[in-house]
Every structure is written in C-alpha cells, then in structure tokens.
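Sequences are here, hints too, so could you generate the full structure?
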Amino acid sequence: MEIKIFGHKDTRSGFGDGLLELGRRNPKVVALCADLTGSLKMDAFAKEFPERFFQTGIAEANMMGIAAGLATGGYIPFTGTFANFSTGRVYDQIRQSIAYSGKNVKICASHAGVTLGEDGATHQILEDIGMMKMLPGMAVVVPADYNQTKAATIAMAEWDGPVYLRFGRPKWPIFMPEDAPFVIGKADQLTEGEHLTIVATGHMVWIALLAAQQLDKEGIRAEVINMHTIKPLDEAAVLNSVRKTGCVVTAEEHQMAGGLGESIASLLVRQMPVPMEMVAVNDRFGQSGTPEELLVEYGLDADHIVAAARKALQRKG
Amino acid sequence: MHTLEELKSIATQVRRDIIRMVHACQSGHPGGSLGCADFMTALFFNQLRIDPAKFSMDGKGEDMFFLSNGHISPVFYSVLARRGYFPVSELATFRRLHSRLQGHPATLEGLPGIRVASGSLGQGLSVAVGAALAKKLAGDDKLVWVLMGDGEQQEGQIWEAAMFAGARKVDNLIGVIDYNGKQIDGPVDEVMPLGDLKAKYEAFGWKVISFDGNDIAQTVDTLNQARNKACGGQPQLLLMKTEMGMGVDFMMGTHKWHGSAPNDAQAASALAQLPETLGDY
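From first to last, the protein sequence lines stand for chains A and B.
For the record, in the first sequence the residue sitting at position 281 is 281 according to my numbering, with numbers rising by one throughout.
My numbering runs 1000 ahead of the 1-based position in the second sequence.
For the record, the hints were derived by calculation from the structure and aren't laboratory data.
Any given hint could be a false lead.
The calculated EDC-like cross-link candidates involving lysine to aspartate or glutamate, where the alpha carbons are at most 20 angstroms apart (straight line), are [as the list claims (entries may be wrong)]:
id, chain 1, residue 1, chain 2, residue 2
1, B, 1169, A, 51
2, B, 1136, A, 48
3, B, 1136, A, 51
4, A, 28, A, 48
5, A, 28, B, 1140
This is the structure we're talking about:
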C-alpha cells in the first residue's frame, strides 16, 4: 500500500491561498481578522483587497458581530483568528448574532489541536468541534491537508449558511490531489479494505493512512475515510464501509467528548452497532511540546491507531 | 410625515399594545418598552427611510434599525406592526408557542423588520457597525441606527465596537442609548455605575448628543439633527434620557417593572391611563 505525497505545507496556508483566490472570484467575499493576519495567512487578501479586509484589533466578540452585520448587508464574511478565540471566547456571539440569526458567516479557525505544539494548553483548543457542531444549522469542516483546506475555503463561499472551518499550524504532508473535488458533507474514501474502517479528520487523516500502512503489512486491510465534514455528517459513507468491514476506529485531534468519534458512535448505535474504538484526547488539557511529542503523549500517533484497530478487530471476533 | 400630535397619538396606542401584550401572556418587559415608545414611534413613523412592504434582509437603499437590548421587544413589535411590517393582529401571539414574536427578537421565524436576534446583551452595536460597513462597501448612502440599553453598556463588547466605529470613522452609524438609569437589580448607579458616558464615547471618537426621549418634539428634532450630521467623519451617539414605565403612573420611578407583567387590575388601571387611539388589535 503506497501513499503519494505532493509535498509539505501547513493547512493555514491552504486557507490563506483559498481566500485570496476566492477574493478574485467573488466580490461579495470580505475578510476580518483580530490581529493575527500573518498567523492566519490572510495578508495576501488584505493587500490585494484592502477595502474588503477589516482589521478589528484584539476584539474577537466585536469581530463576530461585525461579520454578522456584513452578512446581513449581503456580503460573505470570513473571520480569522485562532480556533480557541474563534469558538470558546465568542460562543455567545456566534450563537445569537450568527447561528440563531441565520447569518452567512464563515468562521475560520487556525492553530487547532495539540499539533500547535509549544504554545501549550491555552491555545491548543480540543473542544471546538463539539461546541460548533452543537449549534443548530452550523456546518463544521475540518480539512486534511493544504490542498483540501484551500478547496474547502473556496467551497464554503457557495454554502448557504454559517460554517466553522478548522485548520492547523504545522507543515503537514499533502496527499490530496490539487484537483480533487471538494464537496461539503461528502467524505473521501482514501483506501479500500474489508477488515476495518478508519474514519479520521484533519491532521489525523495522514496518521490514519500511516496506521493503515502498518496494518496492511500484517494482512489487515483498512478502509480509510477522510471525514472532512463533521456536520452535516456523510452517514452513507460510514454505513457503506462499516457494512463491509464490521468494525470501526475513529481518529481526531480533539476531545473524545463532543468530537468526530461521538458523531460516528451516535450514528452507528442508532443504525448499525459494531465494535468501535475512538482515538482522541481523553479528558485532558494539552501542554507544551513538539507536535510529534504531543501526538504520542496524547495517544494520537499511528501506533495508537494500530492498537485501537486490533482491539476493535478482536471484539469483532 | 406625521405631526407631533399624530406621533403622540401613535405612541399612546403603542403603549396600550405593550401593556396588553405583556398582560396577555403574563411575561415580558413593559418598563423599558414604555420608556422607549416615544423614540421608537418618532424613529419609525417620522425618521427612517423605509418601505415596510418591501422589507429585505440586506436593507439595500433604505435605513436599517437594530434593537440591541432585545428584551424591550414589545415596543419593537408594536411599532413594526403599526408601521405595516406585519398584521397588527399578530401582536396577540407575543411569546406564544409557534409565534413569530419570540420573547426576544429573532430572525429564524421570518418576521419582517427583524434583521438579527438579540437578547443576550452587548452584541447589537457590533452588528450595526458591520451593517454600516456593508452599506459603505455597496455605495449605499442610507443610515444604520441601533438602540442599546444603559445597563447594557456594562458589556465589554460594546466598547470593542465603540472603539472600532470611532477609529474607522463609521459615520453612517447612529447609536442610541436608552438612559433610564435602571436595570433588573436596581438603579444603574448602584449595580455598576457607568461614569460619564458622553466623555467615554467622545474619547473613542464619537459625536454625542443628549436629549429627552420622552419629549416627542425634542426627539424628532434630535433625530433630524443626527441624520443631517451623519456621514461627517464620526459615528454619532444619542444619549436619550427616558423614564422607565413612562405613561403608566405606578410603573414609573422604579425598576420593579423592568421584567414583570401586570395583573388584571393593574393592566386595567394602565389601560385607563392610555386611551385607544388607533384601535386595539
């Protein structure tokens, strides 16, 4: 089993490049940033479209409100700040002024998860997917690599309604082809197999592929599904695969509570109960370290996915 | 344009609507609603350049109004209905199951005239700033108005928005503060004093005008003045002195009626002080 890599780049650059392209294509697209233009890779958009870029300063709540107002006026605002400040800090603003008000705001959140690394727990939010997916009408998109983040950013502009887009800081392998179609709510099946389904999201899709490679050497064929949209969930993709394999492992850089794994578990327990294991952070805050060290420390590396796969397979009998 | 006498008469009917709505469902916020009845009447019947029959969410080519202190929804709903946004009879559904008139204003039910949900305080000024920026981007020369409470000024987000609007010269924006000096727990000066609001907004680059919001002639004058001075490089703030519960003797001079409904006898007494002018729903 071979995986083709097209290079290494950070997913936030995919967002920045997607936003710039979108700005050229769609004059209704506007962008707001709370003093993190460089970190979010929004500088190119800000430079090319100064009249459509709003620097709000370190005032995230106001940024969300202004975005809601711009959306009311018919524009498509993309807000940019770290995932922590894009969700927890402004949950009420998003809930009332954006989600409940039905505003077409795209909340773009960088530096999510433990792969942020050395900045530590204050910035490594691991609860954001849960908070956002609980909001009625909010779509939640977590692309897997640079190419997909760029494609997702562009696709979001066409989606009618609020979207939460989650991406990260570190350089990461690019394995999705540049021209791969991206449809919100339509998962990518990356490998074929009959023994096990691995459903992963974000950076963890790459690690799931590494795990599938290891399993392949032992004669275990895993189907890897890139669940880039947590909500609306591509239920058919999961059920079709699990019908074939009979067991599943989920993998995400997020708390077990409220994340992708819970969404899949909820689907399966209602429609197709099978042995399932979740690879996720289990009720802990993050800490400082390198991304690689943290993935191991929090049980998010390929070895942990392989171990979870063995457990699920064993329970399948 | 309405004469001052006509505006007074509409405001009286709006006050009747408020009492009847809150009494009927035994919940809601009559105090601040009554205090803002004169301002809301003057704004919607004499000031805003709007066409209720052609309400659109983006408000292109017309003035836009946002209510930040959403709990005074009774006065907002009454004025919208009386101005022709939706049938006056719908006021009878206030706070009922499946009604478009939620306890606090919301957009999901599709009530014409409402452009954002409000109720969780402190967010309306930011939204109005965004709407004003959208008008500038679109080359639309109409204005954005937003009403806030005085207690609401305690929310930090207000000051983020005030800072932004002043710094970025969002001068097609007119903010109004209902300065009645009362909030749920008591007088604003006791719960959390606001200090010199005029000086604070001026420090952020706003032009501030003070007026008596229960004097309808003064209100009309002030709103005209604000519109004429709009787009002069500064956002404007209207510091509007009002009396909570205005128009109903036993509701005035206390914060008790911020969020409580009158019983049958109290409602009858209130309505006796506010004779029907346009006809009840």
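Which of the numbered hints above does this structure break?
none
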